[in-house]
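S.K.: What follows is the residue order along each chain.
Protein chains: 2
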Amino acid sequence: RFDGPDSTTGVPVEPVVEGLKAVYKNKLLKIEEDYKYAAFASPTLNNVDFDAKPMVLLVGQYSTGKTSFIKYLLERDFPGGRIGHEPTTDRFMAVMYGPEKVWPGNSLAVHPDKPFAALQQFGMSFLNRFEGSECKSQILKSLTFIDTPGILSGEKQRIGRSYDFPKVVEWFAERADRIILLFDAHKLDISDEFKRVIESLAGHDDKIRCILNKADMVDKQGLMRVYGALMWSLGRIFKTPEVVRVYLGSFWDQPYQYVENGELLEAEEKDLLADLRGLPRGSAVRKVNDLVKRARVLKVHVLIIDHLRAQFGFSLFTNNKKKQEQLLAGLLEQFKEIQAKHNLPMGDFPHVGKFREKLRGFAINKFPKLEEKTLAQLDEVIKRDIPRLMQMLPKGDEKSDMAGQPVP
Amino acid sequence: RFDGPDSTTGVPVEPVVEGLKAVYKNKLLKIEEDYKYAAFASPTLNNVDFDAKPMVLLVGQYSTGKTSFIKYLLERDFPGGRIGHEPTTDRFMAVMYGPEKVWPGNSLAVHPDKPFAALQQFGMSFLNRFEGSECKSQILKSLTFIDTPGILSGEKQRIGRSYDFPKVVEWFAERADRIILLFDAHKLDISDEFKRVIESLAGHDDKIRCILNKADMVDKQGLMRVYGALMWSLGRIFKTPEVVRVYLGSFWDQPYQYVENGELLEAEEKDLLADLRGLPRGSAVRKVNDLVKRARVLKVHVLIIDHLRAQFGFSLFTNNKKKQEQLLAGLLEQFKEIQAKHNLPMGDFPHVGKFREKLRGFAINKFPKLEEKTLAQLDEVIKRDIPRLMQMLPKGDEKSDMAGQPVP
Ligand SMILES: Nc1ncnc2c1ncn2[C@@H]1O[C@H](COP(=O)(O)OP(=O)(O)OP(=O)(O)O)[C@@H](O)[C@H]1O
Ligand SMILES: Nc1ncnc2c1ncn2[C@@H]1O[C@H](COP(=O)(O)OP(=O)(O)OP(=O)(O)O)[C@@H](O)[C@H]1O
Ligand SMILES: [Mg+2]
Ligand SMILES: [Mg+2]
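Protein chains in written order, with our numbering: chain A, 76 to 483; chain B, 76 to 483.
Wrong hints could be hidden among the right ones.
Which copy is meant is left open, because identical chains are indistinguishable; a pair holds if it fits in one copy or across any two.
Unchecked claim - Below are the BS3-like pairs computed for lysine-lysine, each with C-alpha atoms no more than 30 Å apart in a straight line:
#1 Lys470 / Lys242
#2 Lys105 / Lys262
#3 Lys270 / Lys105
#4 Lys433 / Lys448
#5 Lys295 / Lys470
#6 Lys128 / Lys270
#7 Lys295 / Lys262
#8 Lys262 / Lys282
#9 Lys189 / Lys105
#10 Lys314 / Lys345
#11 Lys429 / Lys102
#12 Lys270 / Lys314
Calculated from the structure, these hints are not laboratory results.
Model the full assembly from the supplied sequences, consistent with the hints where possible.
M.R.: So, in structure tokens, the structure goes:
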């Protein structure tokens, strides 16, 4: 289904990711360590930062078919996944590739190879409602799915959940590559709770897609009505000028009830699958962009440090402490000198005040002298290694390359 | 087309209207005159108030197919009607039943049998852009269509029109039984000018229907997209909770371009025709309701006048002027006495202050004494004549009987 004849998942995305990892480990990591990049800018990257699959987050009211949708794409049941009439899924589930297994939330959140460490902030009451499910479905080699408990209405939602449900959804939304909102064509009602959740996702609207599921359960005109009513409501909930994409479909292993919409629903499903298939590439593009940006910022970082370091005298009698204070006070001037000397974009420079605070914790003269070959190595990464990896990526929709990019 | 096998236009709506006219002329008019009802409440009714056909107002951007739509329903060209690519219709046109003829706006606005007298308020520059078109198409026996010039964008709209276009549209909207907004599926863009016109029609949203015209010119998925985008926008323009009804169709005498939507478009056209077919009945229901309301208010009116009149002494020496002042000052008390005595709903009473002002212009003691038989006649109209006419109306959707009713 996912790897059909017009599939693009066969494209070599993994080699690119492996290449990035190698560039980072062999050419950047040592420099980051020498110049304490992590303390100044952002933490050292781990395997999981490279390896994590693009995440698809499913959100919707109960019984709209979130779990069935995942099962449909997996073409099989997944461990711990349950489907039913009443509110059924009672926890967040990360559905991933691996040997058949259910992971308790606790162990998932502390495992170094899984991208869920930050979930510990939501406490034990959440981790008890979090689970990993691994199995060897083909699509999971490309994507990780996050199944969620259906959104309930009114008091039920508030009382039934001992953790901050909207905050958890937001955490996943932040990290997800695709957020799919599910609606039930057969029973369309958008509760205030769901509306609030959608509104809280507004910042990520470039990642959001909607599915009007069970679309085969209504006739042609009925489908138009319910689809129209959905768009009418969505137009009010979203504040964006662009219309959000709604796919009509019926994502489970049953024949269509009203066959008259069959052709349309099949075309829609094809579009949705194509969109999902584009995610690994999009995610790889993002990783490439992130790493080149990181290398550029690192280059500026080492140039700043070295520029400052070089201003310390060699004499044993120099008052290093006083010199350091003096440099810190004139930091903005120093930045300007460096920028002019190396012709660097100002956007790659850190915030002066924050940088100064960080710098107080270090003796500038103790940083290693910047070797010509270190700088050459950084330039090589930026100008040759990463562009080369970028070229290995299959051609794609350039516009969607931008989508989902965090605003700098 | 309009009078197909499932047509309901054959139903006897005209006899009801004729009946109402007779009741009014024979049983109410004389009483209204005797008690100066027109001066207090609302003008005397004319033939045209009874005979005017339900009006269908068409509004939309240029080239969306408004004129073609009318031609399609008429199943023929109509005098003065022109169809074309560029902005074509350059005036308001009232398309009515009658011997083949084009009426200049001036003569239409002064003709006592036409319901357009009030249009004189918009001046000659408008009347020069107003025309009547009469021909003998069957559907015009039931409905009058108002074709309008297409809404242009930006400066074109403002400069090109020497009269207050939005105000004129509002005037027609106020009187129309149905307002149809046309959109072009092939080229959907909703200009700010059109948006503003739609917003100005917001108060009449129960009368508004939309048509997504030329819907056969896009394929299945394309149609869903454009329809979705339309609903998305309409949801933002309309403030109502109810979703406005959008009919998908292609209203001209050409075969469908994409036949794949044929079935849907045909079903939609059927629904739209059924809606239009319901208008004569709805309009008759409204006339019945209006007349029974008028009779009840008239009854209260004569009871008030008579109650006041009876308090004047018979002596020649009574100071009538003083008495009148005294009654006017205590008018609210008088109302309460009358209400209690005859057990009347307070809602049928006029506004005290306004009534007092009107009453100053009359000598109360000069009104005729209220005869028992006059009162009996009013009760007969309210309790027997009008309910009997109501029963003659074909059964219909009771909910839609309420739609379009002016809020009291
Ligand atoms: N495409 C479909 N058409 C019709 N029925 C469906 C479809 N998909 C799922 N269902 C049915 O709808 C019900 C709910 O399905 P499912 O449990 O997958 O929903 P869910 O969104 O995961 O619900 P919850 O939020 O409670 O976990 C089940 O009875 C399932 O069989
Ligand atoms: N259902 C349809 N499908 C495709 N084309 C159509 C359809 N109806 C009308 N047209 C074409 O669209 C153009 C505009 O039609 P028409 O003049 O009826 O529009 P209009 O809304 O009255 O425009 P205006 O506001 O300028 O008077 C014409 O060329 C007409 O042939
Ligand atoms: Mg579920
Ligand atoms: Mg026209």
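S.K.: Look at each hint and say if it fits the structure.
M.R.: How the hints compare with the structure:
| no. | hint | verdict |
| --- | --- | --- |
| 1 | Lys470 / Lys242 | neither (36 Å within a copy, 55 Å between copies) |
| 2 | Lys105 / Lys262 | neither (57 Å within a copy, 58 Å between copies) |
| 3 | Lys270 / Lys105 | neither (48 Å within a copy, 60 Å between copies) |
| 4 | Lys433 / Lys448 | within (26 Å within a copy, 101 Å between copies) |
| 5 | Lys295 / Lys470 | between (37 Å within a copy, 28 Å between copies) |
| 6 | Lys128 / Lys270 | within (28 Å within a copy, 44 Å between copies) |
| 7 | Lys295 / Lys262 | both (16 Å within a copy, 23 Å between copies) |
| 8 | Lys262 / Lys282 | both (25 Å within a copy, 27 Å between copies) |
| 9 | Lys189 / Lys105 | within (24 Å within a copy, 91 Å between copies) |
| 10 | Lys314 / Lys345 | within (28 Å within a copy, 35 Å between copies) |
| 11 | Lys429 / Lys102 | within (27 Å within a copy, 90 Å between copies) |
| 12 | Lys270 / Lys314 | both (13 Å within a copy, 17 Å between copies) |
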